[in-house]
Structures are given as structure tokens and as C-alpha cells.
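Visitor: Take a look at the letters that make up each chain.
Number of protein chains: 4
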Amino acid sequence: MSREIEELQTALRQFAQERDWGQFHTPKNLAAALSVEAAELLEHFQWLTEEQSRQLGEGQRVKVGHEIADVLLYLLQLSDKLGIDPVEAARKKMVINAANYPADTQRGGIRKNTGI
Amino acid sequence: MSREIEELQTALRQFAQERDWGQFHTPKNLAAALSVEAAELLEHFQWLTEEQSRQLGEGQRVKVGHEIADVLLYLLQLSDKLGIDPVEAARKKMVINAANYPADTQRGGIRKNTGI
Amino acid sequence: MSREIEELQTALRQFAQERDWGQFHTPKNLAAALSVEAAELLEHFQWLTEEQSRQLGEGQRVKVGHEIADVLLYLLQLSDKLGIDPVEAARKKMVINAANYPADTQRGGIRKNTGI
Amino acid sequence: MSREIEELQTALRQFAQERDWGQFHTPKNLAAALSVEAAELLEHFQWLTEEQSRQLGEGQRVKVGHEIADVLLYLLQLSDKLGIDPVEAARKKMVINAANYPADTQRGGIRKNTGI
Chain P
1 MSREIEELQT
11 ALRQFAQERD
21 WGQFHTPKNL
31 AAALSVEAAE
41 LLEHFQWLTE
51 EQSRQLGEGQ
61 RVKVGHEIAD
71 VLLYLLQLSD
81 KLGIDPVEAA
91 RKKMVINAAN
101 YPADTQRGGI
111 RKNTGI
Chain F
1 MSREIEELQT
11 ALRQFAQERD
21 WGQFHTPKNL
31 AAALSVEAAE
41 LLEHFQWLTE
51 EQSRQLGEGQ
61 RVKVGHEIAD
71 VLLYLLQLSD
81 KLGIDPVEAA
91 RKKMVINAAN
101 YPADTQRGGI
111 RKNTGI
Chain G
1 MSREIEELQT
11 ALRQFAQERD
21 WGQFHTPKNL
31 AAALSVEAAE
41 LLEHFQWLTE
51 EQSRQLGEGQ
61 RVKVGHEIAD
71 VLLYLLQLSD
81 KLGIDPVEAA
91 RKKMVINAAN
101 YPADTQRGGI
111 RKNTGI
Chain W
1 MSREIEELQT
11 ALRQFAQERD
21 WGQFHTPKNL
31 AAALSVEAAE
41 LLEHFQWLTE
51 EQSRQLGEGQ
61 RVKVGHEIAD
71 VLLYLLQLSD
81 KLGIDPVEAA
91 RKKMVINAAN
101 YPADTQRGGI
111 RKNTGI
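Chains as they are written, first to last, in full-length UniProt numbering: chain P, 1 to 116; chain F, 1 to 116; chain G, 1 to 116; chain W, 1 to 116.
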């Protein structure tokens, strides 16, 4: 587990406790909230061209940073509730992805949807 | 920046490069993919009661771990493209949230939607 | 095709044309916007218990009605661009669902995620 | 209310009843399921260019039609549970949108995110 991630999770636990929010923060509700925040992040890009999305203005970059933060904060709270180490899970998933998408079959090709 | 997070981002950059996926990985597309993965995570919980969502079986916990990993991996790729440190952004957002949701006004109360 | 649906699609086509929005309304972008609106709809329910979600106050019901409208409006625009009749597609999908989820295997049971 | 929409809602009510799915179909859960289906629809477009999204192959068009159907079917079930006429709600929302986005201020311009 990353120390910085653990510190964030500890701070989030305290934040929720001070506000009596434990009752709302079931894994089901946190997964819904995470999904809502991911959509708010997407909203910033929905009418941009792909090229424009590479060149955000500073104001937009700050707003997008807040949405990225919100997604991460809910992801850490959900992981914490489920006892899953998100960084370790990500490392393991990369190994699975490497097996499922061998580099030599993907070059120059199409980006398929299955799996990841 | 967390060292573990940086290592994951470096590995992801190499993973995409080996597969020629850079052309697909614009911020706009990564934000869409992140949102799709967040929904796949939510899908595991959609028909469960809140109580059931606290008590996942081991098989389901593994699957949920994979979805959490996918969300984190896209979040890291998007952050990397935009030059945003997600851990630092999360820390700053917690300060903003603390100001917007003072603990003493929230206790025992309703969990509102605005902001976070 | 339902007459009421067709009338809405005609009005939406004119609405977009009067605002020069055709350039933004590619199927890809409309699918993203639809997904964002669906999340805004979900946001109203995310911290409610299932029981509370059955008993919305009048103010909340009006807001939820607006989000339902937004989802439908984007769904109709996307369908229109793709030349798909959404009502006919829904009728056909119900036949497929009936075959995939035979009533006698589902009673009293678990609601699985696969497919629908 | 559109007659075709009402017929679909009646068929959906019977479909759920025959499978004992009423217990799962709270507004909260239906809103989550709708959001998941909207993401499955988006998934088909996430790696396509906007231009490619205008020119789906026939196989892809069929799959996209199924996802459009799923979104509509959940939207109709949610509307039914809440006693909201989705077609009427969409008509009223178009009037609100016309007031919020006057045609003469939008031409040639940017497509903003606020509201719709």
C-alpha cells in the first residue's frame, strides 16, 4: 500500500466520522457516488474535440483536477470499506491485461472494448 | 506525488506505447473509458441491498477488485496526460470539502448532493 | 414508430439546427451526454435508502422529472442520428430478454447482472 | 402519454411481476441500472473517432440498438414507478431549454455544459 494513499484513507475516515456520514457510505452508495463523479469528469470533455481535450485552458484544468480528486476520494473510500488495496489491485490487473492484450497483436490495430 | 502511483503511471505509459494505443488515449476518450469502468463497478452492486453490499462473497470481492483497478488505471492515465497529480489534487479537494461541509452543520443530518 | 416520439425528434432536430449544434451532435458525443444525464438522474438517489427513493417529495419529483426528460431527449437524438427506432428496438429487446430470462427460472431468486 | 410507450410500460410491469423482480426495482436501483446501461451504450463509441461514430457497421448498429433499447426500457420502468410521463416531461423540458439557450446567442458558438 502506498503511504500517501493510506494517509488519504485515514483522513477520509475521520472526515466521514465527524459528519456522521458512515450511515450513507455503504459500498453500494459509494459505488454510485463514484460513478456520478466520473460522469461529472466526463461532462467537461463531452462537447470538445479530441484535439481540444488535449489543450485545456488553465481554468478548465483546475475544474477537471477537482473532478479527478472526487473520483479518487470515492475510490479510496470504497476500497477502504471493502478491504481492497487499490494500488496492489491495479498492479495485478496490469499483469492480467498484459496477458489478455499481447503487445504484438495490438500494434497499429483497433482498440477493442472487451475487458479494459 | 506518491512513488507507487508514479511507478504505475510509468508502467501504463509503456503498456500503451507497446500497443500503439497513444492515438486512442486522448483525455476525452480516457474520461469516457473511466466513466464506463465506474459503471461496471456499480453494476456489481445495483441489485444488492446496502447491507448485502457490505458482505460480498470472496468471488465477488475479486471481481470488484478488478473493476476498482480498472477505474484507478484510467484515472492515472488521464491524470498523466493532463499533468495533474491526482494525490495532490485529492489532498487539496479535501481542504475545500472541509470548508464547504463544516462538521458541526452535518452531524445526524442529511447527506446532500451538492459538490461532493 | 410512435407519433409522439417522432414529433419530439423533429422538434429536437430543429432545436439543434437553430443553434448550430449539429457539429457537436455526433453519435459519440450524444452517447457521452446521455451517459452524463443518466448519472445526474442517479445523483438524486445516491444517498437515499431504497425506501426513501419510493417516496420522493414533490420538489424532488420535479427535479427527477427534468433529468428523466434530459435522458430521453438525448436518447431520441442519438437514435435519430443512427436511424434506429427506439420503441421498435425496445419491443424486440423485450422478446430477447424473455428468452434469456425465462420466468420460471427467476422467481424468488436473485437478480443477475448479465445482459440486462 | 404515447400509446406505444404505455404498452411497453404495461409489458414491462408484467415481465417484472412474472419474475418476482418487483423487490429489486426500487427507483434507486432502476436509476443505477439505467446509468449502467447508458455506460454500456457509450462503451461502443469510446475508442471511435467522432467521424467513425457516424458510420457504424451493421453488426455494431445492431448491438448499439440493443443498448438503446435497454436504456429506454429502464427509463420507462423508472418513470412508471415514479408516476412521471416521460414524453410529457420531455416536451416541458424542451420549453425550458429553449428559454435557457436562446437560439440567437448560440449560433456558431461553443456548446456549454450547464443544464443540458
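Hint data in this document are derived by calculation from the structure and do not stem from the laboratory.
All values derive from a computational prediction rather than experimental measurement.
Any given hint could turn out to be false.
Which copy is meant is left open, because identical chains are indistinguishable; a pair holds if it fits in one copy or across any two.
[Claimed, not checked] Straight-line C-alpha distance at most 20 Å; calculated PhoX-like pairs for lysine-lysine:
id, residue 1, residue 2
1, 92, 63
2, 93, 63
3, 81, 63
Visitor: It remains to establish, for every hint, whether it holds in the given structure.
Guide: For each hint, the structure was consulted:
For the identical chains of this complex, residue 92 and residue 63 are inter-copy neighbours only, at 12 Å across copies versus 31 Å inside a copy, given an alpha-carbon limit of 20 Å. Taking the shortest alpha-carbon separations for residue 93 and residue 63, only the inter-copy value of 11 Å comes in at or below 20 Å, while the best intra-copy value is 29 Å. In this assembly of identical chains, the alpha carbons of residue 81 and residue 63 lie at most 20 Å apart only when taken from different copies (15 Å versus 28 Å within one copy).
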